[in-house]
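Kindly generate the complete structure, drawing on both the sequences and the hints.
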Amino acid sequence: MSPTGPATQGLASDAAVASRETPPADAPVAPREGLEDTTGAVVVALAQMAPRLGDVATNLDRHLTMIDEARRGEADLLVFPELSLTGYFLKDLVPEVAVRLDGPELERIARAAGDLDVVVGCVLESDETRFHNSAIYISGGAIRHVHRKVYLPTYGLFDEQRYLAAGDRFRAFELLLPRASQPRRWRAGIVVCEDMWHPSAPALLARQGIDILICPSASPGRGIIQGAALGTALSYEWMTRTFAQLFTCYLVYCNRTGYEDGVAFWGGSRVVGPDGSLLSEPGGAGEALMWHRLDLATLRRVRIAYPLLRDENDELNDRESDRIRSRRAQD
Amino acid sequence: MTSSTTVSQTVSAADALRIDTEVVLSLLVGFVREEVHKVGFQRVVVGLSGGVDSAVTAAVAQRALGPDDVVPVIMPYRSSSPASEADARAVCDQLGLRPVMVDISPQIDAYFERFPEVDRTRRGNKMARERMSILYDLSFAERALVIGTSNKTELLLGYSTVHGDMAHALNPLGDLYKTQVWALARALGLPDRVVDKPPSADLWEGQSDEEELGFQYALVDVLLYYLVDERRTRVELRALGYADDFIDLIVQRVRDSQYKRRPPVIAKLSARTIDREFRYPRDWGR
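Top line first, the protein sequences correspond to chains A and B. Okay, so the first sequence: first residue is 1399 according to my numbering, each after it adds one. Okay, so the second sequence: first residue is 118 according to my numbering, each after it adds one.
Check the hints yourself; a few may be wrong.
[Claimed, not checked] Residues from chain A that face chain B, not an exhaustive set, calculated with beta carbons under 8 angstroms:
#1 Asp1466
#2 Asp1490
#3 Leu1491
#4 Pro1493
#5 Ile1622
#6 Gly1656
[What the hints assert, rightly or not] Stretch-level coverage of chain A by chain B, calculated; a stretch enters the list once three of its residues show a Cβ under 8 angstroms from a Cβ in chain B:
#7 1440 to 1454
#8 1659 to 1671
Keep in mind that the hints were calculated from the coordinates and are not lab data. Ideal placement from N, C-alpha and C gives every residue a C-beta, glycine not left out.
Below you can see the structure in the form of structure tokens.
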């Protein structure tokens, strides 16, 4: 199970980057000539991978390899799945695999990434000995944003609240993307897997203004009824396309692959455009590095056609929320 | 297959168990490959009875690992149906597997010389455990994991022998009802004689699963699906047409066999008891 190189099917079949020649994996870093256009294009790579459960050292090495590949392929942003440094069904391994914001693991990733922006998944330990399922945005050698998963599923095959502490915020942030030439800064928000099953999460981020909703995920496949394909895959198909369209933003969904304790993670990573259309065929069930080209011009065009964000009535939302809250307080 | 006059209730019951065989097969093939390789093995050993469960298991393993890395073992007793062995051989022929033959009659007979009066259930359990013992011996000899063939129906009903057919390192079919295993067998193109014959553990002459259980798989599988997968209430099950007697019988069987599906109970003493507070994934470090 080694990741396919950037020159394999993920690239060849990706119409979204077909306009740009893709260098083979061993090509030297080429100058970014021809990309200084006014469309604000950025190249986002998705590392659909199968982390080794509880083995941070091995996973860290795999991250560095993929960062290297993404750099050579001239990606601007590389997104890893949920808990990419540790694997998912950790149980009592959580304290043993946790990293700190100022720890050597994230430092090594930041150093290797250089001017490539990276979103990586890990268990973050706080000074209060709380463990958070986290997605870390690293740019220019430093940690720029941390999202701690808010909605920790504890039902069915999930048991996150037994081992992990919940985050308490959804905050939009600027993507620095030093490798790209942009007419303006891109803004992003992160939801981790289950967070996206709560529409208030992307709604809160959209209200702060986002161009990309990034969703690192470790979604176990289940549901085998005929006609529904894989039940969970279908749910994410609906969610990713619906949210991208309703919040008129790009939606970057990076799900992991592989098996843990007999449970299969189904992959299917994809980028959905702001009109709800898939930028390319979603990833399969295997490991792959997938490339997509996103641009501000498309965002602008779709938002002119569908000014949903302009028409969102924040004042009404606040008023109604206040009313509901005060009524609840009286009960 | 179904006529347009079929009542909707029947249709929904049939739909409940209809699976996307392509999706299921790809998940199971990946499961076997990963779970075997992850623990440092390349091969599996599987007991072939001539029945559909072991045939599907062998076919999935063959797809996952290739024919050279699947060791099928046929272990007849002298009263076993000759057709069972022939069916098991037909499966091997189709999958390109070379079976290991072990006649278990000598050791079974030698043992029961000491207890000539035992009933057939006790004899059947002994045979199931003898076969397990052989599979684990060959597991060591062949550097191959024992792959199990238990399906969800028999696991839920407890229609299996503890430390016999229930003993194995990995189980690809344990989340599929018998009806779904048949669907998979057809999708795999396994021999009709294996797929279409009445299911039997073949522990004594003329044994039949459905006679012994007292109901048809087609019927109990749907009820189990409603009970286990959908957690339907008694009122809903009645409305679906199930008699209270039948529901009681099945619920009782599932409850009574719960111990079979769990590791042995450990007396709680320390602050961190295995599997209670000491919780690590099976794939710890794999």
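Now for the hints, and whether the structure bears them out:
no.	hint	verdict
1	Asp1466	26 angstroms, violated
2	Asp1490	5 angstroms, holds
3	Leu1491	6 angstroms, holds
4	Pro1493	12 angstroms, violated
5	Ile1622	5 angstroms, holds
6	Gly1656	7 angstroms, holds
7	1440 to 1454	holds (count 4)
8	1659 to 1671	holds (count 3)
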